[in-house]
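> Based on the provided sequences and hints, a complete structural model is requested.
Read off the chains here:
2 protein chains.
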Amino acid sequence: MKIDAGARFLIVGLGLLGGSYAQALKKQGYPVRAVTRSQSSIDYALTNGLIDSGSAYPDPDLLAWADVVVLAVYPHVLVEWVEVNQEHLRPGVLITDVTGVKGCVVDRVQALLRPDLEYVPAHPMAGRETLGVQNADCRIFQGANYIVTPTEKNTPEAVSACEDLGRILGFARISRLTPAEHDRMIGFVSQLTHCIAVALMTCNDIQRLESYTGDSFRDLTRIAKINDEMWSELFLDNRPALLEQMDAFTAQFTKMRDLLERRDVEGMRQMMRQSTARRKALEQPEP
Amino acid sequence: MKIDAGARFLIVGLGLLGGSYAQALKKQGYPVRAVTRSQSSIDYALTNGLIDSGSAYPDPDLLAWADVVVLAVYPHVLVEWVEVNQEHLRPGVLITDVTGVKGCVVDRVQALLRPDLEYVPAHPMAGRETLGVQNADCRIFQGANYIVTPTEKNTPEAVSACEDLGRILGFARISRLTPAEHDRMIGFVSQLTHCIAVALMTCNDIQRLESYTGDSFRDLTRIAKINDEMWSELFLDNRPALLEQMDAFTAQFTKMRDLLERRDVEGMRQMMRQSTARRKALEQPEP
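Chains as they are written, first to last, in the numbering used here: chain A, 717 to 1003; chain B, 717 to 1003.
Rather than coming from a laboratory, the hints here were simulated on the basis of the structure.
Copies of the same chain are indistinguishable here, so a pair counts whether it falls within one copy or spans any two.
With a cut-off of at most 30 Å between alpha-carbon atoms, the simulated DSBU-like pairs for lysine-lysine come out as follows:
id, residue 1, residue 2
1, 971, 941
2, 996, 971
3, 941, 996
4, 743, 718
Shown next as structure tokens:
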């Protein structure tokens, strides 16, 4: 199982990410078709050259055409979609996804999947504060991270093919984690940060706030503009890992608060020096 | 008291901010001199055309030359500097500063100030994660906010002159707050955000973190690279207001945590919708 030069891609769900996948794949010369619920999304994608053709219902002929299926839908839609539609896929098809939480879908999909299909979960860590195929832009993948989360049910060949897809899309770093490691990591670097931004943006109600903010406040609240439907679902799907991360953050934040209350300047400076060293390390290019 | 076309500026403290003030003022054609502790900072500023001349000690002739004195030094240095050096200033001089906390300096400076001098406190809300005059760049003022924090001891003319300085430097929005309002505001928009970034950056120790982060984590931790000497002093100088803001944030963050624990999706979505609306309002240009 590998991604051949003329591999035929079916994008399921033409939102911001599905549309950006389509755009990147078309630019690389792959045939791309799409299935999505809204005809206007299909029309937009056709008009703007993101896909070759598409359908607003899961047309069996379209499904039978695909070599690679990218599920770019909400987690709760994903499992059901595979269950209902897999019968139309050809043997040997590679299925992957873009879901931001893995534990809640990976086992369920792999448990019900036909033995002659393979699902390799992946998480493209790219996004925007805007929604829909109208905002699709494959430049969001440049410099970004792509995490593949295989299980023991996956073959090395399919995992490699899924990693190749990350490279084809233009991601800067491709890495592997188990679904559980992934969910813990994402609870930290993505979901916790969104919780913080929402809490920061709502903990004070100030008039003419724009006159008093500096870059730091604007940076920390950029993601406070949030798709509440999607993120509440992602939070709930990763509840234990996210709660654990929220508690770890609260413990550290409370430590800083208590150091300040006790006027422990050296303690505060030590935390600041540690955060400075870690943030610098984050900026360094890989060896 | 106003800033005349040829007003002579003395910058006290040639760091990132003092150097950026000097650069902006020189570009506007004002005579600019500086007093700072390090001769190499003077040399750098001279070589790069940020000042006309300078001294590594508070030369009385230099002090007697100035029409406007900008104190760009740490809070604990500021009060003592005025006490020791004000005798050399000419009557009618306008003194202003760049200090990020006001309560701890404003009353003390105004209490000891000669009656024929006037100190109008100001906070230019611009900065960088780098230090020193070598990183001075007056473009940091573009689009940024400038807050003047006068007291009843100030004359309307001097307050206007200080606001004019903000415009001369190129700030986008000039506003007025009392020192107490300022410190509460800064506890929220600036100090709290730095506490959050430091806690976030230090609450987990993960190898190869750069492979898993998205824009959100990088945005929220940009300011975790922090000047520990300066910020610990600023935190301590604003301790009651900052503790209050930290507790307000913790309460809201804990609310989100408890909603998640109780699986209260509608409660989470309500917080997200409120944060989205407020963040959008922050982006809107003033009427």
